[in-house]
Amino acid sequence: MIGYILRRCIQAVFITFGVTLLVFLLLHLLPGGPARAILGPRATAVAIAQFNHDNGLDQPIWVQYGTYLGHITGLGSLFGGHGWSIDFGYSYKLNQSVGSLLAEDLPKTLVLVGLSYAIAIIIAVPLGIYQAVRRNKVDDYVLTGASFIFYSMPVFWLGIILIVLFSETLTHLPSEGPQGATVGDLFSQFSALILPVVTLALGTIALFSRYMRSSTLENMVQDYVRTARAKGASETRVLFLHVLRNALIPILTLIGLSISFIFSGALITEALFNFPGIGLLFWNAAIQQDYPVILGIIVVAALATVAGSLLADILYAVADPRVRYSR
Amino acid sequence: MTMGPTPQESALSIGPIAIAPVEAPPEVQDLVPAYETRGVWRLALDVFLEHRLAVFGVGVVVFMVLFCFIGPLIYHTNQVDSNLNDSFLAPGAGHVLGTDQDGFDVMGRLMVGGQTSIEVGIAAAFIATAFGVIWGAVAGFFGRFVDAVMMRLVDVFLAIPPLFLLLFLASAFQPITLMTLIIVVAIDAWLIPARLVRAETLTLRTRDYVQAVTMMGGSGARIVFRHIVPNAIGTIMVNATFQVADAIILVAALGFLGLGIPLPATNWGRMLSDGVTFIFDGYWWLIYPAGIAIVLTVVAFNFIGDGLRDALEVRLQKR
Chain A
1 MIGYILRRCI QAVFITFGVT LLVFLLLHLL PGGPARAILG PRATAVAIAQ
51 FNHDNGLDQP IWVQYGTYLG HITGLGSLFG GHGWSIDFGY SYKLNQSVGS
101 LLAEDLPKTL VLVGLSYAIA IIIAVPLGIY QAVRRNKVDD YVLTGASFIF
151 YSMPVFWLGI ILIVLFSETL THLPSEGPQG ATVGDLFSQF SALILPVVTL
201 ALGTIALFSR YMRSSTLENM VQDYVRTARA KGASETRVLF LHVLRNALIP
251 ILTLIGLSIS FIFSGALITE ALFNFPGIGL LFWNAAIQQD YPVILGIIVV
301 AALATVAGSL LADILYAVAD PRVRYSR
Chain B
1 MTMGPTPQES ALSIGPIAIA PVEAPPEVQD LVPAYETRGV WRLALDVFLE
51 HRLAVFGVGV VVFMVLFCFI GPLIYHTNQV DSNLNDSFLA PGAGHVLGTD
101 QDGFDVMGRL MVGGQTSIEV GIAAAFIATA FGVIWGAVAG FFGRFVDAVM
151 MRLVDVFLAI PPLFLLLFLA SAFQPITLMT LIIVVAIDAW LIPARLVRAE
201 TLTLRTRDYV QAVTMMGGSG ARIVFRHIVP NAIGTIMVNA TFQVADAIIL
251 VAALGFLGLG IPLPATNWGR MLSDGVTFIF DGYWWLIYPA GIAIVLTVVA
301 FNFIGDGLRD ALEVRLQKR
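Residue numbers (the numbering used here), protein chains in the order written: chain A, 1 to 327; chain B, 1 to 319.
Think of the hints as simulated: they come from the structure by calculation, not from any bench.
Bear in mind that the values here come from a model prediction, so they are computed numbers and not experimental data.
A few of these clues could be false.
Claimed, not checked - List of simulated lysine to any residue pairs, SDA-like, C-alpha gap at most 25 Å:
1. A:137 with B:310
2. A:137 with B:299
3. A:137 with B:53
4. A:93 with B:173
5. A:93 with B:174
Unchecked claim - From chain A, some residues computed to sit far from chain B (all C-beta separations above 10 Å):
6. 27
7. 66
8. 87
9. 93
10. 103
11. 127
12. 187
13. 227
14. 230
15. 248
16. 276
17. 289
Even for Gly, the Cβ is constructed at its ideal location relative to N, Cα and C.
So that you can see chain B by itself, here it is in the shape it has in the complex (with noise of 0.2 Å):
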């Protein structure tokens, strides 16, 4: 028996085969680049550029951001004292979706009613997420014992639905402020990204390089904030987006349920229940324009999410 390999072997091995470089005519060149190497990041862009209802989604979040917060300083209206001279005006000049019950101005209250809804949905899906993915990764990871007795915790909480644990802690925490409002938001949603990412954990803590990691001598949170949270950063992203959607339908069946932040403070759903009083009276700018707005901004996040689940979840991805 020699040393060397045999012909089959050969074959098979790449090392001692030398592949002539091919060398392409020069107008070929020009027109094939050479193979750029594009990272993740880049590549999950692309195929969120070219989910059509994503982008839809992204423009109607930069719509509503530039409404809420760039549009009262162009369209000036008072949104502190109410003017019951002025109330019930149709659209028209002056007012461009009308006045509502106490003179205030429709297309204003949109306005600085949707600052709180995003606010509030961005400030709560954050907060949500970040403490979920702690503790999933944390139950997740440490497993056994521990793992048991967080995730108990997590069905205690799931076991209440969710809109009565809502309603049970707004009515704890009157009076409610924008920060007790977030906050009671949070500790609605932090439940869902915790099981998703405790899922992921129990996977991802088996792989090869988390063992290495282990045997190198890494510690807990080493493994955990290094090399488990950052591989399962996609689901977490697309569970956030989602997370904002459902946490600006939260923040308008409180207000839409009189329990959100106390007036001359206004959000999209205490508009809405406000215009309900007057169903019947032909007022369709009390209705309308606050409605539209939290369909249109909870569709567009849910879009998004969508769109960010095919870019980053590469498992789910066809090609």
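With the rest of the complex left out, here is chain A (with noise of 0.2 Å):
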């Protein structure tokens, strides 16, 4: 069990890096290279060396790659007597370090993600085996349809229908995301919190109750059910503390692997409601070729998935005694 945790956090460590050097690579076989994208077409050639000298552009791309490494990781301000400090490098475009940026706009992304998750599992779950226990009815066809609809819906149109209904014609919701540096701006304008959360939520509650109600569907048929009913209990003593808790594991699975999908999700809404989290940052960055920043971003969101995948195959060993990997 701990071996295989172990082995899990190696691999977790090395697809990181992995990630650094493959956008590394990616990004210095672009014709031109950054120097280009940021002088713009008519930068001298003069301009470009010196753009590419202040860099370190001009160096081997191993030694690019080490200097980038020994910066994320802190290593080479350890090993040069300045103690551990982290650097993502310096913003083309913004004036300002990539992990003050970071710094700024991540906890605003985890918030907008967060609630989405939080009201996601706490829709989506009862509504799983709602529809499990109603399974083939009609409300059970009609919340399918729904939510058929709602997970093959793109995120964009979704928000875009939901500002049409809920700021427009219904009532009359903020169009627009919080603004603010801060999380504590973004909860004082709570209202403006709304549509963000819901598009981004909408979406992972279709996925959500799908797997909910087929990983019900699946455990309702299983043979301590028919046991616990042979022994007497009662049916919502079945349901909720024996096939809940069995139905629940792929869902903790499913709420790591998720992270990815969540992640690009929130990128649009951010875009669409101006939401000024790491998804509006990447996207500025990546329309002004600010290849620090996009660089950085990538970095964290990769950890991000990595770490929600790991936690995934942690917490199902941990939950289900069967599935502890002797591997």
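Using the hints, put the two standalone chains together into the complex.
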């Protein structure tokens, strides 16, 4: 068990380094390189050479990668005798370090994603159980149809419909996300938080409830359920004590594995609602070709994804003794 | 002991027992057709046609293709020069779905934008599937070190949230053309077929017929392409259909985020993001047509994928 977790952790670290290497290589295969992108098509060769020299881009690529790796792991400063500090580089466009940009915007994205996850789980789990109990009846079909619709709707289209419905026609919720530099600012404009969170949550509810329904259905025909019934346990007791516990296990995994899906949704949601998180930051950086910011956010997003799937594996092994890997 | 079969054995073996052919009366012969040997594909088609939503999906896709590619031949509009005098005209005579902020006819724009969305969606799904299949089959077949290295690379790609990877690639490949858009979407999409086909290959390569080819001295390439891939074709085709749906969403998302093909070319996602700017002005025709076109096409491909899964993935079939 511990060996398994350890092995998965080492794998996760390697994958994260793989991501930095991959993105770094792709970045340096670009025609023209970042200098051309930043200084514009009319920059002189001298200006480009100067820019490349200032940013260390005239070094061989493995030296550049080593330097970057040293900076983002903090090892460079540690061995340089400056104490341990992580350095993601400096934005080409925003006159701010990538680290401070991340520190400012990442918590806001985590609020958006966290709230959506919480709402999705609170709604999807009972919904899935209800559908499983009422399987193949009219209300199950209606709910399955609805979840299919929400699941296959692109996030941007769903968000637009919500804006039309709830900030123009029915009510007057703000169509723009909360603005401000800190997480406190977000909660002080609570009504502005509603539409972005709901947009992100709806697709997630659809995804989770589909899994919850099939997971509950699968467990309701297991032998242990028949045993519990035979011993005279009430239907509620069987459902909420025996089935629920087992049916939740795949959902645990799903939560961990859906992090990259949620982050992608958050990017669109933030772009649509002008919500000041890392998705919006990433979008602007991508349009302006601000590569230090792009690189920093990809590393953080990959870290979150890898941590999510690692957590899913560990929780899975902890929650279900049957699948404790011995390999 | 005699060499002949004991009565128990002969009851079980088929050989020596002659079954007298039972002739059906002529009138029954006419009603009951002799067993026709129908191919796998014919059977699959029958199952597919029973899936009503899948047939609906095919209908929608055929309609969309005709609308986008044949439509402009019938419904002539100028989609190259903007005409600001005619901007924001409401739907009516002359402009069936009105005009947008640059004076382009929305119906005509829907056709032009749809061409990009459908072309890129199908081309990207095709390239991603082809590449993913080769990658997954090679990794699964050779196993060990090759497999470990190839699949860790897939893991690395999968660790980056798809839209982040897509935006990064799109910003790196500026300026975006139809070709680069296809490549960018395909780079984002090849990972899933690669994983699926690898898993399929791992089970298929232990089958007797693959072992037999190995014994006969068949080369690795022959085993992969003549024996493993054809047997995984159901999984591959089902996934390819879902890939088209995903690719259309990705193209729309890129267009929506302003990283699609530059004007005057357009796609449904870009039309949407332009329309959002005027969301409070009551210009509904700038939002709904494009949005509905995206959702309808994506749902249609998903339905087709469901139908194909029923038809081709024999293991899931109830019959």
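The hints, checked one at a time:
1. With a C-alpha separation of about 22 Å, the suggested pair residue 137 of chain A and residue 310 of chain B falls inside the 25 Å cut-off, and the hint holds.
2. Taken as a hint, the residue 137 of chain A and residue 299 of chain B pair is honoured in the structure, with Cα atoms around 23 Å apart against an allowance of 25 Å.
3. About 19 Å separates the Cα atoms of residue 137 of chain A and residue 53 of chain B, which keeps this hinted pair within 25 Å; it holds.
4. Note on residue 93 of chain A and residue 173 of chain B: the hinted pairing holds, with a Cα-Cα distance of about 19 Å set against a maximum of 25 Å.
5. For a cut-off of 25 Å, the pair hint linking residue 93 of chain A to residue 174 of chain B stands: about 18 Å separates their Cα positions.
6. Some Cβ of chain B comes within 10 Å of the Cβ of residue 27 of chain A; the nearest lies about 7 Å off, and the non-interface call is violated.
7. The claim that residue 66 of chain A lies off the interface holds: its Cβ sits roughly 19 Å from the closest Cβ of chain B, which is beyond the 10 Å cut-off.
8. No beta-carbon of chain B comes within 10 Å of the beta-carbon of residue 87 of chain A; the shortest separation is about 21 Å.
9. The beta carbon of residue 93 of chain A is kept farther than 10 Å from every beta carbon of chain B, the shortest such distance being approximately 12 Å.
10. Consistency note on residue 103 of chain A: stated as away from chain B, and its beta-carbon is indeed over 10 Å from all of that chain's, at 19 Å minimum.
11. Interface exclusion of residue 127 of chain A from chain B stands, the closest Cβ pair being 21 Å apart, more than 10 Å.
12. Taking the minimum C-beta to C-beta distance to chain B, about 26 Å, the non-interface status of residue 187 of chain A holds against the 10 Å cut.
13. The claim that residue 227 of chain A is not at the interface with chain B holds, since no C-beta of that chain comes within 10 Å of its own (minimum 28 Å).
14. At the 10 Å boundary, the C-beta of residue 230 of chain A stays outside the reach of chain B, the nearest C-beta of that chain being 29 Å off.
15. Taking the minimum C-beta to C-beta distance to chain B, about 25 Å, the non-interface status of residue 248 of chain A holds against the 10 Å cut.
16. With a least beta-carbon separation of about 16 Å from chain B, residue 276 of chain A lies farther than 10 Å from that chain, consistent with its non-interface assignment.
17. The beta carbon of residue 289 of chain A is not kept farther than 10 Å from every beta carbon of chain B, the shortest such distance being approximately 5 Å.
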